[in-house]
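A.B. asks: Turn these sequences into a full structure, and let the hints guide you.
Protein chains: 2
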Amino acid sequence: MKQRMWAVGVDFGGTNIKCGLVDRRGRVVTSLVLSTARFGRPTTFVVGIHRAVEQLAASARLSSARLAGIGIGVPGLVDAQRGVVHMLTNVRGWCDVPLAGRLRARLHVPVFIDNDANLVTLGEWRWGAGRGAKSLVCLTLGTGVGGGLVFHGALYRGASGAAGEIGHTVLDPDGPRCGCGARGCLEAHVGTAAIVRMARQAGVAHRGRLTPEWLAWMARRGDRRARAVWHQVGRLLGRGLAGIVNLLNPDRVVIGGGVANAWALFAPSLRRAIRADAMEIPGRTVRVVRAQLGDQAGVIGAAVLVWEER
Amino acid sequence: MKQRMWAVGVDFGGTNIKCGLVDRRGRVVTSLVLSTARFGRPTTFVVGIHRAVEQLAASARLSSARLAGIGIGVPGLVDAQRGVVHMLTNVRGWCDVPLAGRLRARLHVPVFIDNDANLVTLGEWRWGAGRGAKSLVCLTLGTGVGGGLVFHGALYRGASGAAGEIGHTVLDPDGPRCGCGARGCLEAHVGTAAIVRMARQAGVAHRGRLTPEWLAWMARRGDRRARAVWHQVGRLLGRGLAGIVNLLNPDRVVIGGGVANAWALFAPSLRRAIRADAMEIPGRTVRVVRAQLGDQAGVIGAAVLVWEER
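Line by line, the protein sequences give chains A and B.
Sequential numbering from 28 applies to the first sequence in my numbering.
Sequential numbering from 28 applies to the second sequence in my numbering.
Keep in mind that the hints were calculated from the coordinates and are not lab data.
Bear in mind that the values here come from a model prediction, so they are computed numbers and not experimental data.
Any given hint might turn out to be false.
Unchecked claim - Per the computed footprint, the stretches of chain A lying under chain B, defined by three or more beta-carbons under 8 Å from a beta-carbon of chain B, are:
#1 181-192
#2 200-209
Stated by the list, open to error - These stretches of chain A come out as covered by chain B in the derived footprint (C-beta under 8 Å, 3 or more residues):
#3 273-280
#4 307-316
Beta carbons: idealized from backbone N, C-alpha and C, even for Gly.
C.D. replies: Right under this line is the structure:
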């Protein structure tokens with residue numbers, strides 16, 4: 028037991044593959060990044076992870092015998108139990124790849140996979156803003172609006188591993204068309220593209236590209252239009268979450284992802300909307316907080332998966 | 028073990044208090060009904076249940092020593108763990124009543140309480156249309172639209188015992204005002220009052236009161252307007268459930284309550300709406316079925332609570 032004190036967590040994103048050596052307390056001891064363009068195909072991925080694990084072990088001066096396992100979060104649909112990647116959302120070449128088995132055969136350590144939103148949830152729940160919660164809704168705000176769920180003190184994956192699609196709960200059936208085909212999903216209201224559209228409609232001044240980062244910068248400088256857009260984001264998010272809070276009566280809602288960097292700009296109107304729209308008891312019970320692990324959440328959560336599943 | 032083969036299940040409603048002697052396989056062996064008007068106050072309720080238990084035991088010729096316990100479902104907010112009724116929705120006089128403790132002191136058997144929607148869920152899950160499901164969403168359609176949730180193979184109550192309020196997930200933020208104060212809740216769209224309103228707007232002919240029962244009768248006779256209203260009910264319900272299916276990716280959705288008697292009239296458009304609006308994988312995975320236990324679900328579920336909690 029004492030021997031196996033480390034896990035490697037891998038966060039497979041559309042641009043980067045982040046790898047970290049994580050200890051049992053959820054601390055990233057050392058990490059490195061691979062480019063998805065070079066290592067994003069199934070065969071190159073396996074080679075890349077193999078090398079990364081060796082480098083991480085070497086830089087921390089530990090023998091691979093002390094590695095408890097590898098956890099991998101991928102942006103797509105997986106069969107966590109069988110360790111198979113069914114498909115990835117923005118990376119080509121992945122169709123029913125038995126990834127865990129291939130890596131296990133090559134590295135001779137236990138390998139676990141899950142989708143990235145589930146692992147962010149697992150990370151925040153064990154070592155971040157979700158600590159101690161028995162029931163948790165974790166939301167990641169970015170290009171996509173994803174999420175994960177913890178019930179009865181365990182990650183909940185649903186009947187086919189697809190649970191947690193908070194971005195595709197409907198906020199307004201007459202709202203904007205969503206990428207998933209439906210209308211008025213939460214993602215179509217508060218995903219990056221929707222925020223940029225709102226900023227454009229509000230006439231927020233910009234040079235170059237109008238992005239959520241720019242919009243946050245403008246709002247922090249006191250630009251009234253930019254601030255109004257963030258209020259609206261908070262309001263829409265709060266409305267959408269109110270229904271989820273009524274349905275699930277969770278201990279806590281944790282909000283992460285890149286857009287959560289603008290937390291202070293939208294959190295007050297988000298909390299107000301939940302208080303206004305949710306029923307009294309679940310609305311009063313829930314604590315809505317910002318994620319704490321930042322962009323390490325995926326790597327830490329992937330390592331947590333190793334400790335949980337072994 | 029062999030000794031204690033029975034439980035008494037109690038379903039406390041706004042009009043009647045149904046009591047049943049239930050065996051370990053979820054069969055109601057004998058039952059009786061008390062009037063809520065006479066036995067609905069905390070003190071009279073305790074007296075009524077005491078007598079009912081004696082009568083049920085006598086009519087089945089079994090000694091009270093063979094009673095495993097009493098389960099009670101109430102229409103309101105409870106602390107299931109401490110056995111306290113915080114308040115009831117349509118029955119006065121209940122404010123933080125330690126009901127389980129009082130009955131236990133009087134009857135000397137274990138007593139468990141929970142809200143009625145949770146117990147319908149528990150009943151359908153163990154012995155009805157939800158059998159074998161690891162994750163389940165149970166919806167009851169009536170004056171109110173309630174529900175219960177099963178995750179990880181166990182009833183999920185939420186952080187403060189209020190989970191499952193499917194009726195108060197928002198379907199359309201610009202929709203009709205709901206009794207809960209918010210706008211466009213599922214209950215405001217497909218609760219009894221909403222169905223009657225739709226029928227009236229559609230100009231469905233009627234003598235005397237226009238009720239869902241009448242509307243179903245007219246639709247079965249072939250009345251086109253009545254049929255169109257039921258299609259619309261199915262569509263709205265399917266839209267609302269699509270978001271929940273995306274979020275929770277459940278094995279099964281079970282639909283009960285009085286309005287579910289019109290199942291054949293609204294189920295096709297309900298299923299169509301889920302297929303159209305839910306994401307592919309959760310939409311394909313979920314089975315949407317009608318509840319099987321009818322108006323015995325509450326009594327059977329209350330008995331299940333005894334077996335589960337002992």
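A.B. asks: Does each hint fit the structure? Answer for all of them.
C.D. replies: Outcome of the hint check:
no.: 1; hint: 181-192; in the structure: holds (count 11)
no.: 2; hint: 200-209; in the structure: holds (count 4)
no.: 3; hint: 273-280; in the structure: holds (count 6)
no.: 4; hint: 307-316; in the structure: holds (count 4)
The structure fails none of the hints (numbered hints given earlier).
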